[in-house]
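*Asks:* Chains as they are written, first to last, in my numbering: chain A, 1 to 314; chain B, 1 to 333.
If you are wondering where the hints come from, they were derived from the structure by calculation, not from laboratory data.
Do not take every clue at face value.
What the hints assert, rightly or not - Simulated pairs of lysine-lysine, DSSO-like, Cα-Cα distance not exceeding 30 Å:
#, chain 1, residue 1, chain 2, residue 2
1, B, K6, A, K307
2, B, K6, A, K271
3, B, K6, A, K50
Quantities reported herein were computed from a predicted structural model and do not represent experimental measurements.
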Amino acid sequence: MSAKPPVPLRRPGLSMEAAVQRRARMAEEMRLAKMTRRLVTPEGAAIQLKLASASERAGAFLIDVAIQWAIVIATLLGLGAIASAMSNGGANFAFAFWMVFFFFVRNFYYIFFEIGQRAATPGKRILGLRVAARDGGRLTANSVLARNFIREIEIGLPFQFALMGGDQFGAWMALFGLLWSGVFLLFPVFNKDKMRVGDLIAGTWVIRAPKAKLMDDITSAAARPETASRFAFTQVQTDAYGIHELHVLEDVLRQSTQEIKAQVAARIRTKIGWTPIVGETDLAFLEAYYAALRRRLEQRMLLGDRKTDKYDSR
Amino acid sequence: MTDLLKSYRFREERQSDWQKLDLILTKAENNGVRNLSDEQMLALPRLYRQAVSSLSVARSISLDQNVINYLESLCTRAYFFVYGARTTLGERMMQFLRRDWPAAVSSSLLATVLSALFFFGGAMLAFFLCLQDMDWFWTFNGHSFFDGRNPDATVEYLRGTIYTDPSDHGDGQLSAFSSFLFNNNAQIALFAFALGFAFGIPTAWLLVYNGVMIGSMYAVFWDKGLGYEFTGWLMIHGVTELSAIVLAGAAGFIIGGAVAFPGGHTRLASARLAGQRAATIAMGCVLMLIIAAILEGFGRQLINSDEIRYAVAGGTLVFWLVYFYVPRKAPSA
Numbered sequence: 001m002s003a004k005p006p007v008p009l010r011r012p013g014l015s016m017e018a019a020v021q022r023r024a025r026m027a028e029e030m031r032l033a034k035m036t037r038r039l040v041t042p043e044g045a046a047i048q049l050k051l052a053s054a055s056e057r058a059g060a061f062l063i064d065v066a067i068q069w070a071i072v073i074a075t076l077l078g079l080g081a082i083a084s085a086m087s088n089g090g091a092n093f094a095f096a097f098w099m100v101f102f103f104f105v106r107n108f109y110y111i112f113f114e115i116g117q118r119a120a121t122p123g124k125r126i127l128g129l130r131v132a133a134r135d136g137g138r139l140t141a142n143s144v145l146a147r148n149f150i151r152e153i154e155i156g157l158p159f160q161f162a163l164m165g166g167d168q169f170g171a172w173m174a175l176f177g178l179l180w181s182g183v184f185l186l187f188p189v190f191n192k193d194k195m196r197v198g199d200l201i202a203g204t205w206v207i208r209a210p211k212a213k214l215m216d217d218i219t220s221a222a223a224r225p226e227t228a229s230r231f232a233f234t235q236v237q238t239d240a241y242g243i244h245e246l247h248v249l250e251d252v253l254r255q256s257t258q259e260i261k262a263q264v265a266a267r268i269r270t271k272i273g274w275t276p277i278v279g280e281t282d283l284a285f286l287e288a289y290y291a292a293l294r295r296r297l298e299q300r301m302l303l304g305d306r307k308t309d310k311y312d313s314r
Numbered sequence: 001m002t003d004l005l006k007s008y009r010f011r012e013e014r015q016s017d018w019q020k021l022d023l024i025l026t027k028a029e030n031n032g033v034r035n036l037s038d039e040q041m042l043a044l045p046r047l048y049r050q051a052v053s054s055l056s057v058a059r060s061i062s063l064d065q066n067v068i069n070y071l072e073s074l075c076t077r078a079y080f081f082v083y084g085a086r087t088t089l090g091e092r093m094m095q096f097l098r099r100d101w102p103a104a105v106s107s108s109l110l111a112t113v114l115s116a117l118f119f120f121g122g123a124m125l126a127f128f129l130c131l132q133d134m135d136w137f138w139t140f141n142g143h144s145f146f147d148g149r150n151p152d153a154t155v156e157y158l159r160g161t162i163y164t165d166p167s168d169h170g171d172g173q174l175s176a177f178s179s180f181l182f183n184n185n186a187q188i189a190l191f192a193f194a195l196g197f198a199f200g201i202p203t204a205w206l207l208v209y210n211g212v213m214i215g216s217m218y219a220v221f222w223d224k225g226l227g228y229e230f231t232g233w234l235m236i237h238g239v240t241e242l243s244a245i246v247l248a249g250a251a252g253f254i255i256g257g258a259v260a261f262p263g264g265h266t267r268l269a270s271a272r273l274a275g276q277r278a279a280t281i282a283m284g285c286v287l288m289l290i291i292a293a294i295l296e297g298f299g300r301q302l303i304n305s306d307e308i309r310y311a312v313a314g315g316t317l318v319f320w321l322v323y324f325y326v327p328r329k330a331p332s333a
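Next up, chain B with everything else stripped away, as it sits in the complex (with noise of 0.2 Å):
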């Protein structure tokens, strides 16, 4: 028919291919990829393109709003599932642990040395302190606190929290101590990455606190004649815990960094770029957790030999050493 408008004639040619891109969309938004079939996969990038142009088309020669607003949307959908990420969930959690991770720490090493001097930093300050002078443990602790291990406590009561007698525990009773353990750890790790954004001033102060922590309490078993026995009470999950709370400062003087020091690039972009290796780092102080918690409520409580003690640490600290910074191999793919 003559009659008709332009638009509409060029609506009618086209609308049985949008509608087509319409329904591979739909279903691959609601049942995941792999359920199209393979002449839906193929038949994608042409009924894309077209409807793309047809888009173009569409915005100069018709005024209908609704055709102007499906195909705006239906290139928006289309655009990001032909461009989106096509890899799965378990393929990005191989390639996380394979190489995101490691790559994001190794190349991250002058972040990390800040972080750990900010840490141990602050742990040897309070454990000198406090060797010369006791009261400086109240001062950074308050009172009340770490279950009676405080300089007052007699050497015999130190040593009974450094070992666990075996009849001593209820079963369920560890796995709700490094639950809460590891919850609260975690979140002190996120939280120190994503204070980095204020050019890392308060990541800084969270790990200086953190290591004063630990060096004072440090400070009461070394005064006591513990310190071996402690060190081995603190490392055998401390290893991983302390350098996963290293690498969280780390992820936050990153971002700090760049969105201090942005150099070449623009304060956006900048922050862009540092923000996803620092949240790569993150991500993976949150695993070292998990293991650090499962470390501490079963490792420590099980094992009572200083001796398996320090060879669990050692081992943890040579395994994350290695995973971390020896080179491997480029990806042939």
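Okay, chain A solo, but in the shape it has when bound (with noise of 0.2 Å):
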């Protein structure tokens, strides 16, 4: 969304819901356009990256951590089914070969994975997020190294001091220990580009690149002759809802039940005062209004005039 003209919060005839509700959703626009980046492509084109957020971040590392602890005990069970059909000898060499696999699954396989077209482990694959240079150039190799490598501060340490324990003076240094090295754990929750310490030393980010679906234009539906000519909507009524109304009836036409459309229809035509024609579906009628709606706020955005919602009432 580009910058948008202020608005007062409060306008006379806003009921004090409304204004808390309203405030609610300028807030949660504000933290979302914190968390967007712009990336002006060589083309000269902008294109906005959405960070990804420190708690999304987490849960691709959990997956992440879940799928190497599978990889090992499986190979684990699996070497120790070989070895035990073989002798001595064949065991310690499992057991070695094993040792090595391990480090390499701990300390490689975010690498591997990064290092790839996606840029992006498994677990961050689930959760549509990736890696990306902070500068907007490519991501290289070194940088996935070097973002990788520093994860034993940031996860080895905490977790070192912790386990370690000991008599009394050990046990404040393990205290002292475990605060020192949160800092670095809980680096990406206290920057606003939430930042591992890796992706400082790296150069890189972590952004959200979901994969998104191309759906029917909800106006195509509507634009059909038989309902176009049925249902006419004066100024008045297509200037009743703004632009943030649009978007959620956009939503409520994409993937709400049967009764939320109906209840959504039905506080429509109050507002807007629109009396049923004969044999009318609340599908029908809020499609048709949809594209109405949409009309009329393109041509006034063509005019430089956005009507963010339905207090916006200039």
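Two chains, each in its own frame: build the complex with the hints.
*Replies:* And the structure:
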């Protein structure tokens, strides 16, 4: 969303509840805007990159750790089965192999996947995240190495301090170490780009890159001649709502249940003072109104007039 | 039909191209670039530019959330694909071995010297302190350490630890032992690198600590008149292993230095520039430690002649010095 003209939050005739809701919505939009970064491509077009939140990062990491453990344990069981069939020497060799394998799974699992075309580990893929270079350039192999080798102090160090115990002095040392290394662990929570220490060193960040599906345009249904002629909305009726309500209506039409559509249709009819035509269904009404509203708002937008929401009475 | 919305007509005219691009990207993401046909490769830049311009137009004329979200996601994916890395893993590895790694090491001489000073300084300190008074050994290492290789051990026992009786070992034990050592050392090396972020102070401590362990053990053998033999035992793989630890420390110091003294850059930019170089060195350390583990697990146990041990040690030293520091031709391409 581009910058909006400031709209005063309290307006005469605006109920207390509506004002609170509106303020919450705007705060949410502000929060989302803070997580968005503009990338200008060499063609001069701007792409909005959405940064992954700390909780998404943690979720992806937990998935990856689970996968790593699954790999390590499965290999251990497999090797155990092979080794038990062999001599003592074979068992030792299997153990040697497993140790090296463990090291590589621990340290190179992330590197292997992030060096690839998708720049994401399976955990990140599941959550629709990927690693990208902060300057918008290409993600180099060196960056991937750097950001993952650093993981050792972010995860390994706090873990080691947490397991460290011993006498009283040792326990105090462990506590101090835990606090110190906790700074590294919690680093992503406290900076605006949600970077790990590894991201900072490597010049990377993690962005949201989910695949979106192109769905049918809702107005294509409403544009059929038999519907278009039946629903004729006046300009007053199409000025009743703004862009925010249009988007909510789009979501309702695309993904909500029959009952919700009926409720929404009833509210819109009351608001714009629409008397139902004979045989009109809720769906047909909503689609027709969506088309009319979008036409009106897009027209106004072309003239440089974005009606943000229904309270925006310019 | 004239009654259609402008934004809908806009989308109708272009969506087949968007979907073509989507298909190519999906294919490339799932099966790799190699599986794209020539036509697809040729069409890609045009489709990409078209999608990007569609996005900027759609933002100003369309209020269809779905179209805008779709285009945002499509353009982001296409951007990363078009401007992303195109080299294969094999090519990257070759480039790493031929250029990146030696270049990163040779351009970090100062950090390497600093790291070596900490490590060998720690070793010398422990060595001379222990020679003067063997009680220091216990101070440094505590008890029950090094498999009984301590000042109380007899000369014969210590000599026994240096040479391996060929009939003594099971074939698998060596590999198990060396892989354990590799795991341990490589983790320490990565630690030394990562800890550099805290201004290099923990890295320095880690280097000194490891130096002290080596130095005090050296003193035990030296004291018993086994200095020459022990050097062979240690250096056959130690040249590679100790170099790797020194270089890992150097990688840590590069990062620490960049964070503490960013110079003309911002702290972030400085950390990023140094991080790339340091990570290359750290990756190389892992490779060196693999080689060291092979030398340690097999070479050391199977070669029991001092002369050959010294020859291998000298050979690896020359190899690493030449590999890292002899200037090479600038790449022609």
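*Asks:* Next step is simple, just say for each hint if it's right about the structure.
*Replies:* Results for each hint:
no. : hint           : result
1   : B:K6 to A:K307 : holds, 18 Å
2   : B:K6 to A:K271 : holds, 27 Å
3   : B:K6 to A:K50  : holds, 29 Å
Checked against the numbered hints given earlier, the structure satisfies every one of them.
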